[in-house]
Amino acid sequence: MRQIDLTERAPLTNSTPREEGVKISGTLPENLAEVIESLAHRFAAHRGGLLPLLHAVQHELGYIDDRAVPLIARVLNLSRADVHGVVTFYPDFRRVPPGRHVVKICRAEACQARGGAAIEAQAAERLATPFGTTRADGAVTLEPVYCLGLCAIGPNALVDERPVARLDAVKLDAIAREIAA
Amino acid sequence: MTRVYVSGDMAAVALGADAVAEELVRAGCEVVRTGSRGLFRIEPLVEVETGDGRIGYGPVLPGETEVVLAGTHPHHLGEVAALPFFASQQRFTFARCGVVDPLNLADYETHGGWQGLANARSRTPQQIVDAVKASGLRGRGGAGFPTGVKWQTVLDAPAGEKFVVCNADEGDSGTFADRMLMEGDPFCVIEGMAIAGHAVGARSGYIYVRSEYPFAIRTMREAIARSAHLVAPFVLELRVGAGAYVCGEETALLDSIEGKRGQVRAKPPLPAHAGLFGRPTVINNVLSLAAVPYILAKGAEAYAAVGYGRSRGTMPVQLAGNIRNGGLYEVGFGITLGELVDDIGGGTDSGRPVRAVQVGGPLGAYFPPALFDLPFDYEAFAQAGGLIGHAGITVFDDSVDMSRMARFAMEFCAVESCGKCTPCRIGSTRGVETIDRIRAAADPGGDIALLRDLCDTMKHGSLCALGGFTPFPVLSALDHFPEDFGGAAAPAQAAE
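Protein chains in written order, with my numbering: chain A, 1 to 181; chain B, 1 to 496.
Same shape as in the complex, but just chain A (with noise of 0.2 Å):
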């Protein structure tokens, strides 16, 4: 297998942001060149695989590295520009880690018909961290999603992958205490 040296086309000095004292649970891996490689192998015979390679990347670190752009790019002969914009023009992507547990709250109309509006700011209260952000403890990650398709029995949350329905106080009191063991 072809190796790629790190430090030979990425530059630290771009670092990727971070928030001021959230404590980062995950490193990234020795060996990302190699990660990066094997991961991109695999969607290697897709035409346009850029997506499905950051969907593995995250799936595989928790997040998308800036370090890993210039590998990404090598591999898929791409420019860094062209992934770097892609990286930043989905949300999904993370360009830095998440918190342990990840709490999406949907803002859209059908869940704030039914007093979505009231809920998003008792989220915050009760997980004690502003939306789109990672609370200092690094314990969650408070993000809005915009429709999770259940528009009939909001509001609606996405509690690391658990949908969760009819959304109240008891049950983000449930959601904060699964947060804190």
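I should point out that these hints are in silico values taken from the structure, not numbers from a laboratory. One or more of the hints may lead you astray.
Simulated restraints, written as ranges between beta carbons of each label pair [stated by the list, open to error]:
1. T88(A) / D456(B): 14 to 20 Å
2. A442(B) / A169(A): 35 to 41 Å
3. A180(A) / R452(B): 26 to 32 Å
4. R166(A) / E49(B): 28 to 34 Å
5. A181(A) / G346(B): 35 to 41 Å
6. Q383(B) / D160(A): 43 to 49 Å
7. R80(A) / R26(B): 52 to 58 Å
None of the values given here were measured: they were computed from a predicted structure. Virtual Cβ for every residue (Gly too), placed ideally from N, Cα, C.
For this one, chain A is given, so just place chain B on it according to the hints.
Just chain B, lined up with the frame of chain A:
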């Protein structure tokens, strides 16, 4: 061993169906996980197979399965299909959803699966396209463009590589029909795509599913693998979106499959001429493609016999938001908005009066009850300053603040804009600011005129429906609910 059916649909699971199913397994039942029948008020739904057919109970909570099996659960529903909510539907596309085991090929075949594809294979491509034209099927994603005409364009394109793309990026709030079908009857979508491939001469297809639908992704992936030998030489690949609403726009979706930022392309060229990877491409919504097996199996006339005006066939309407009988209601076009919301939907879930309904997702207009005699029809809705879109109806009670909803429409557009055209990228942010000023002002007249002018620019100057249709919710809120913007109530409402 007692056989029981429990929905594995994401909505049912969100209401606790997994725990109920596990309990039934522990009780020694054979548990079949189906899709959802489509009435969420009775989920988690358990159906017990008996000598008298499938007897439904719902909602069933964990801890209650013993009384379900004893037949004494208070939420005894009898035969689910006989409930008024279901008995009055015309289920062409959703006939199997909630009934069959979604990934069981034998089940699919027993319930009429693959007949459309078999009939298609015995016909010439032109005959298939003619049948789709004769059915009157129009794009169910929202635009309402005749599906047969689109297919004809791709069929007429010079031979060579062509594609079929299924748009399963169902991002509109208030819609969930694509999700339900992919989870509950995935082979139907696959069959529709295979027929499209045969009709236009495409050997490969892509299904682009949004990442917010993990259950649909899992089910579709497995269904593609299990049916690969049946649709060969047609080959399918599933692609997962990454949270960008704008990728539901067809050209942005094509760019996303190509591995690029999901930015809207200028048209022409149409995707039918130069679509995915620059090749002629049929790109249709899940529901458009899933309507095709029925048309090929039962005949174009059977499909076109139902409907209203130029809107033929059925529409899987999604009743959402603050509504008592929320769920999926498939019915022929022509039913009125009031029948859907009041009679079938049962009014609001909160028990308060209905004040507004938004039809067609975040880009659809808000209608007051004064307009509830509108028939569900592409032309009638366009005439009334709205759109059917993907047929989601989101109900709001009288606690809604319509200037806040108008603000949200602009805010959503600002969050989701792909950034390619100025009216959408900048207009949406200016729209939020203008509505904020209107909400704060004692005399907002000047800013309301400015907002209308801005909407006019966005409507006519945007590259795609995101910027172009965001004015629908904003202007309809202004027109029908002026009292929420510091004005006098609209005459139609004041008369009530």
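Take the C-beta atom of R80(A) and the C-beta atom of R26(B), compute their distance, and say whether it sits inside 52 to 58 Å. holds, 54 Å
Looking only at beta-carbon atoms, does the pair A181(A), G346(B) fall within the given range of 35 to 41 Å? holds, 39 Å
Satisfaction of the hinted span 26 to 32 Å by the C-beta atoms belonging to A180(A) and R452(B): Since the Cβ atoms of A180(A) and R452(B) sit about 50 Å apart, the hinted range of 26 to 32 Å is violated.
Using the beta carbons of T88(A) and D456(B), state whether their distance is inside 14 to 20 Å or not. Once the Cβ atoms are compared, 32 Å apart, the range 14 to 20 Å for D456(B) and T88(A) is violated.
Given a hinted range of 28 to 34 Å, is it respected by the beta-carbon distance of R166(A) and E49(B)? holds, 29 Å
Verdict for Q383(B), D160(A) (Cβ pair) under range 43 to 49 Å: Check passed, 46 Å falls within 43 to 49 Å.
Is 35 to 41 Å right for how far apart the beta carbons of A442(B) and A169(A) are? holds, 36 Å
Hint compliance for this structure: hints 1, 3 are not met, and every other hint is.
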